[in-house]
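**Student:** Chains as they are written, first to last, in the working numbering: chain A, 128 to 236; chain B, 335 to 450.
For the record, the hints were derived by calculation from the structure and aren't laboratory data. Backbone N, C-alpha and C fix where the C-beta goes; we use that ideal spot for every residue, glycine too. Fair warning: there could be bad hints in the mix.
Said to hold, decoys possible - Cβ pair distances, simulated, as ranges:
| hint | chain 1 | residue 1 | chain 2 | residue 2 | range |
| --- | --- | --- | --- | --- | --- |
| 1 | B | Ser339 | A | Glu141 | 30 to 38 Å |
| 2 | B | Thr390 | A | His167 | 26 to 34 Å |
| 3 | B | Ser361 | A | Asp222 | 13 to 21 Å |
| 4 | A | Pro148 | B | Gly374 | 17 to 25 Å |
| 5 | A | Glu141 | B | Asn416 | 42 to 50 Å |
Said to hold, decoys possible - Reference excerpt, derived from the structure (chain A facing chain B, CB under 8 Å, subset only):
| hint | residue |
| --- | --- |
| 6 | Cys139 |
| 7 | Gln169 |
| 8 | Gly170 |
| 9 | Ile224 |
| 10 | Gly227 |
| 11 | Gly229 |
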Amino acid sequence: DAKTTQPTSMDCAEGRAANLPCNHSTISGNEYVYWYRQIHSQGPQYIIHGLKNNETNEMASLIITEDRKSSTLILPHATLRDTAVYYCTFGYRDDKIIFGKGTRLHILP
Amino acid sequence: SAVISQKPSRDICQRGTSLTIQCQVDSQVTMMFWYRQQPGQSLTLIATANQGSEATYESGFVIDKFPISRPNLTFSTLTVSNMSPEDSSIYLCSVAGGPANTGELFFGEGSRLTVL
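The following block holds chain A by itself, in its conformation from the complex (with noise of 0.2 Å):
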């Protein structure tokens, strides 16, 4: 079963970049890292994920450390709809994904 430990929570100014760190020291090689948010009364969305090399999309950046054991997700321009809850986690594909607490982001104006 996966084990993450991300911070419990965190503050970012609206328009800063928001880093949000996970730590997944227990990760097998196969497997992928995946990030979620959720907002408040919202189901969980997806925001990427990534094996290996560093990822981007028009949500997010993916930084994910040479030794896989932690990676770091970047929100480049914070802004207030980007509070949420969001969960870091890692598996691979068809396997059951589990949550950890998350870390809840607040972006401050």
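Fit chain B to the supplied structure of chain A, relying on the hints for placement.
**Tutor:** Quick look at chain B alone, frame taken from chain A:
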């Protein structure tokens, strides 16, 4: 990405009754996952549902309490049986999708259940 519809979106139920939650996906998927999210908590996996086979339950969840059906590749149901107030939660259906089949999950909006 897969589009997932859940019914009901919310319900208020009496203790001792049962409720069936439906999950409809707009594409055929192999694996479907049911999660529970208790108030203020993270997501907890209840079971994995494969079409044509019995669901696989996580520790702490049993078939008698949470029977699951998976009649085809686009549909599943989760029943919460003999409900108590402790079953008040959001129940979420999810599927692994994505164009490259790399396992990212997509979720329905959840079914918010309140048991009185």
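**Student:** Does each hint hold? Answer for all of them.
**Tutor:** Tested hints:
1. B:Ser339 <-> A:Glu141: 30 to 38 Å: 33 Å, holds
2. B:Thr390 <-> A:His167: 26 to 34 Å: 31 Å, holds
3. B:Ser361 <-> A:Asp222: 13 to 21 Å: 20 Å, holds
4. A:Pro148 <-> B:Gly374: 17 to 25 Å: Check passed, 23 Å falls within 17 to 25 Å.
5. A:Glu141 <-> B:Asn416: 42 to 50 Å: 47 Å, holds
6. Cys139: 21 Å, violated
7. Gln169: Since chain B brings a Cβ to about 6 Å from glutamine 169 (chain A), closer than 8 Å, the hint holds.
8. Gly170: 4 Å, holds
9. Ile224: Holds, because the Cβ-Cβ distance from isoleucine 224 (chain A) to chain B comes to roughly 6 Å (cut-off 8 Å).
10. Gly227: The hint holds - glycine 227 (chain A) has a Cβ within 8 Å of chain B, the shortest such distance being about 6 Å.
11. Gly229: Holds - the Cβ of glycine 229 (chain A) comes within 8 Å of chain B, reaching about 6 Å at its closest.
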